[in-house]
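Chemist: Start from the sequences and build out the full structure, keeping to the hints where you can.
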Amino acid sequence: MNSSVIVFPGSNCDRDIAVALEKLKFNNKMVWHKDTDLPKSDLIIVPGGFSFGDYLRSGAIAGKSNILNEVIKAANSGCLVLGICNGFQILTETGLLKGVLLRNKNLKFLGKDVRVKVTNTDNKFCNKYKKDQILRLNIAHNEGNYFTNKEHLKELEDKNLIPFKYCNENGDVNEENNPNGSLNNIAGIFNEKKNILGMMPHPERMLDKIISNDDGANLFNSLLN
Amino acid sequence: MKLILVKQHLLNLKKNKLKFSVKVTLKKDVLDPQGKVVQQTLNNLGMDTLVNLRQGKYFEIEINENDVVKAKNKIEEMCKKLLVNLIIEDYEISKLNK
Chain A
1 MNSSVIVFPG SNCDRDIAVA LEKLKFNNKM VWHKDTDLPK SDLIIVPGGF SFGDYLRSGA
61 IAGKSNILNE VIKAANSGCL VLGICNGFQI LTETGLLKGV LLRNKNLKFL GKDVRVKVTN
121 TDNKFCNKYK KDQILRLNIA HNEGNYFTNK EHLKELEDKN LIPFKYCNEN GDVNEENNPN
181 GSLNNIAGIF NEKKNILGMM PHPERMLDKI ISNDDGANLF NSLLN
Chain D
1 MKLILVKQHL LNLKKNKLKF SVKVTLKKDV LDPQGKVVQQ TLNNLGMDTL VNLRQGKYFE
61 IEINENDVVK AKNKIEEMCK KLLVNLIIED YEISKLNK
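For the record, the sequence lines run as chains A and D.
Heads up: the first sequence runs through residues 1 to 225, numbered per the working numbering.
Heads up: the second sequence runs through residues 1 to 98, numbered per the working numbering.
Don't take every hint at face value.
Stated by the list, open to error - DSBU-like mimics (lysine-lysine), calculated; alpha carbons at most 30 Å apart, straight line:
(1) A/Lys131 - A/Lys25
(2) A/Lys108 - D/Lys95
(3) A/Lys108 - D/Lys27
If you are wondering where the hints come from, they were derived from the structure by calculation, not from laboratory data.
Modeler: Listed below in structure tokens is the structure:
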């Protein structure tokens with residue numbers, strides 16, 4: 001499977017993703033934001049970090065970069081796109097995913113492990129997980145408070161476009177187990193065709209039991225499936 | 001001669017330049033955590049008549065155009081394309097120079 005990782009000034013999870021993809025035998029290329037050509041890709045990853053120093057709004061400047069035009073074209077023709085953390089913010093700024101990520105409700109930068117429930121496995125990104133499986137994933141963000149209008153939120157719930165929700169060890173999805181104030185405990189969403197996934201937790205940090213756990217590995221294994 | 005031409009060109013540029021300001025604010029229903037903290041701090045400093053404070057962004061934009069309507073349309077385009085996230089923010093354009 002051919003993958004491309006887009007790199008911006010300020011990206012800091014790009015290498016972690018590359019290591020993850022190489023470990024799982026993806027044929028991966030790193031693509032600089034100024035490039036105007038995208039290598040042939042089955043999967044495009046927009047990584048986490050602080051692209052362009054979060055100037056203006058998180059992801060706003062990156063969303064207007066050269067390569068994003070190509071990413072938008074590829075995404076619209078069905079290519080799989082995964083935006084993690086700042087990558088999720090960039091995808092909302094381009095309009096590939098609807099909604100917006102606001103400042104965390106408690107005003108704090110959150111860097112910690114949280115529990116996340118897999119609420120939809122019928123898609124390209126989560127088919128190796130079990131339905132309602134509880135993962136321990138790491139979050140590291142200041143703007144992860146997902147917000148959208150009522151109609152879109154209803155559409156997300158009705159069409160099963162929310163694959164990940166924050167929960168506790170027992171899988172309870174409620175306000176108490178919502179780290180950032182995100183609507184309906186949303187940790188990740190799909191577009192309508194489910195070829196674009198944006199998520200705040202970092203699956204690439206959970207690939208090896210030696211340093212953390214391997215709860216993130218099955219996301220990448222699903223893509224290979 | 002060259003110098004005079006350059007000076008003339010710069011003068012023309014000045015004449016054609018219009019200046020606008022853009023005020024970007026969070027929509028009424030959107031939580032403004034930064035504004036809240038600033039308000040709390042001012043309240044702590046004894047500003048007890050302060051009842052509400054919202055924080056926003058301010059841009060000053062010079063544009064090489066002498067037609068106000070055209071210039072305003074261009075600024076409008078800048079707002080929609082980059083400066084403002086219309087899901088959560090409102091904006092207000094004002095002309096600055098005469």
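Chemist: Against the structure, test the hints numbered earlier, and report the numbers of the ones violated in rising order.
Modeler: 2
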